[in-house]
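Protein chains in written order, with our numbering: chain X, 4 to 424; chain Z, 4 to 424.
These are calculated hints, taken from the structure and not from any lab test. Be a bit skeptical, because a hint or two may be false.
You can't tell identical chains apart in this list, so a pair holds if it fits in one copy or across any two.
Computed list of lysine to any residue pairs in SDA-like fashion (alpha-carbon distance at most 20 Å, straight line) [to be verified]: (1) K157 <-> F210; (2) K59 <-> N71; (3) K207 <-> A323; (4) K157 <-> P337.
Remember, predicted model here, so these are calculated numbers, not experimental data.
There are 2 protein chains.
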Amino acid sequence: MSQLTSRQPFPWSRSAVRTTESPISWLMAKTVGDPEILSLAAGFVDTDTLPQDLVKTAFEKVFADASNAREILQYGITPGSRRLRQELAKRLERQGLTNVDPDCIVISNGGQQSLYTVTNVMVDPGDIVLVEDPTYFVYMDVLRSAGARVIGVKTDSEGMMPDALEERFAELRAEGVRDRLKILYVMSYFTNPKGCNPSTERRKALFDIYQRELADGQYLMIEDASYRDLCLEGPDEPFIKAHDPSNEHIFLSGTFSKAFAPGFRLGWSYMPRELHDAVARQKGNQDFGSSNMNQAIVAELLASGAFEIAAGRFRDRYRAKRDVMLAALKEFWPSSAHVLKPMGGLYVWTELEGINTDPGSEFFNRVLEKKVLYVPGRYCLCDETQGPRLTNGMRLCYGVIRPEPMREAVRRMGEVVAAMS
Amino acid sequence: MSQLTSRQPFPWSRSAVRTTESPISWLMAKTVGDPEILSLAAGFVDTDTLPQDLVKTAFEKVFADASNAREILQYGITPGSRRLRQELAKRLERQGLTNVDPDCIVISNGGQQSLYTVTNVMVDPGDIVLVEDPTYFVYMDVLRSAGARVIGVKTDSEGMMPDALEERFAELRAEGVRDRLKILYVMSYFTNPKGCNPSTERRKALFDIYQRELADGQYLMIEDASYRDLCLEGPDEPFIKAHDPSNEHIFLSGTFSKAFAPGFRLGWSYMPRELHDAVARQKGNQDFGSSNMNQAIVAELLASGAFEIAAGRFRDRYRAKRDVMLAALKEFWPSSAHVLKPMGGLYVWTELEGINTDPGSEFFNRVLEKKVLYVPGRYCLCDETQGPRLTNGMRLCYGVIRPEPMREAVRRMGEVVAAMS
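Okay, chain X solo, but in the shape it has when bound (with noise of 0.2 Å):
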């Protein structure tokens, strides 16, 4: 039957070339091949605390009912559950925000997807991008799947700084490329590596510049509050968002995986009006809507209250093994090693005096040698960076290593940097 002729490659598309393997790919299969490795690299979050007790009680509860179960079986609408997007409007308003449209929620597969669909809404290759630098690196693929020329503003311990940012306005307007700006995308708790969290001024402060430069064309700014559930300490900061109250500029986006569960692969999106039909239009290209069942358990979960129970559990769990990552650092590592507390999320970040962390590098083969990973920081840096590019950047998380693994893995860590120091 198969006298097929030897085939010649598939004719890709250009976004096809363009989406290349995602480096961490390369990371992660490391932790695959090898079931010794103690991951510092993944990205998960905490298998102990995740709510399946929670989420048996709630799918009981919409499953008691075999009518109101039938419903849920059945095909939702593409912008999402009505009930879900009232949960959660009401959910932005008791976190601060006034007047939250359910009508302007769409309701996604995590994150991830509202991140991806917007940008395909705005960019057009060669569209530019600023971002944070260093930024969530499987957003850059995204951003570099659509073409886009990822520009880099130079973060502090506070996140964006605002003065780098002026400076990247003036540069566009230099280059006289102002007007292929679109997006100005933001991580506004707990950064994704960095693990910082603008403080009210800061966040103001990088509104004010947005707002400002709009008189010199229309983009977007992106506001990524995926972590913002994951407060470990310090005051709950506002939204950006809040300096938006008629729902005229900012694209909100978050995620019910971070603080409630990955497995639901449900996310949001809050935006205005305009937006929100483009992005439901091309959601409804995508899949006609997430998954109509995972939004009715997810709705009961915030109408009962669980969802916050189970957000708690996972602070106080991430506070505890937070500490135990910082207490092992101060342990194991020479205090030349520079450590950036973070006050939430998932994320230690550290700068090493003189030592190169880069995929490849010595120090990160010694490191694989005692069978420990993390991620280089070099994976996390954009295309176009202000200053010399950063190579000494690691990212430790501790959201799905336990503590005893974990402790061990940065000691193993801490014998190369004190060998290399």
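Keeping the supplied structure of chain X fixed, place chain Z upon it in accordance with the hints.
Same frame as chain X, now just chain Z:
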């Protein structure tokens, strides 16, 4: 706080500009606005048959063990749960394929995401896609959004016609655009909207043309088998994919929505390895993979045989409902109306002698006055048709409407047909 200057419109991407409101949305909005409407238009599945009992049992089983439950609430991997891909591979082998490699399967958010993703992997604006005419209108939305030139191939009661397909190839060569052809899209079971089921010979003839034409340049055949599990009578025809035993050519796409439950939002595709990696990378950008929890439940349902029980119930129900619709058409419509009896799927295709059925036509409006909706054939037509454009077709769906209102809807339509004949 709201001293924002009045906003200019957002600078959309070209893709967003191409992604216009689907015509079907207009139709669906009519139903939402008026609960008295009897809709033969909605493509939803039969709510009464949705397997809430089987889902409940499977959910209880996978959640019985807390540790297992927590695993499935964690992130999964992008191509999908290994267990689900293995169960699906076994099922495809029971359905006649050989050596199905689970590593060449990608689990998606419904069949829709498979089509969306492979289209983005293959198609640049201006590229050509050949489809049945009339065809699945939602896929046409995806193609238009991708900027594809959608060229229709004439259909008869068995679906795409081999002669017409060869004619199209000759035209592409004559026009000098054969190299822009990227996809040949074929529905192989109970097509949407016509309900055609290609015979064994027709399947072979289409594959032979596909294969012969490869000599002129590589392109991809998509076999959309969404309705395979809804065979109501007659033999189970083989997949076209059976002609591609070394898995080098055909992208086979299917869904768990039609014979199980749309609320899980899961589908699948099986494809050449080279394509698999490109599709998985795009899927990674979109959402990192479909809901791990839902995949675990469906894998359990496939393993236990409950999935086949659910599919069998749907078939029994649809057989009865199809027969109610056919009987009503016979009873209430003049014999001049052409009715294509479907051997499976969800749709009855009809054509009226000398009556225009387009949206906004006199017929459409008079039917709507009687509170009945159908899908005008117009919505399913390609931009480029072979021969005169069809103006008198209609898709009537027996999926979600119950037998009595369905009979009543057909009766009311019959009054309009009779009055206008």
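We went through each hint and held it up to the structure:
| no. | hint | result |
| --- | --- | --- |
| 1 | K157 <-> F210 | within (16 Å within a copy, 56 Å between copies) |
| 2 | K59 <-> N71 | both (16 Å within a copy, 13 Å between copies) |
| 3 | K207 <-> A323 | neither (31 Å within a copy, 63 Å between copies) |
| 4 | K157 <-> P337 | neither (27 Å within a copy, 74 Å between copies) |
The structure is inconsistent with the numbered hints 3, 4, although it conforms to all the rest.
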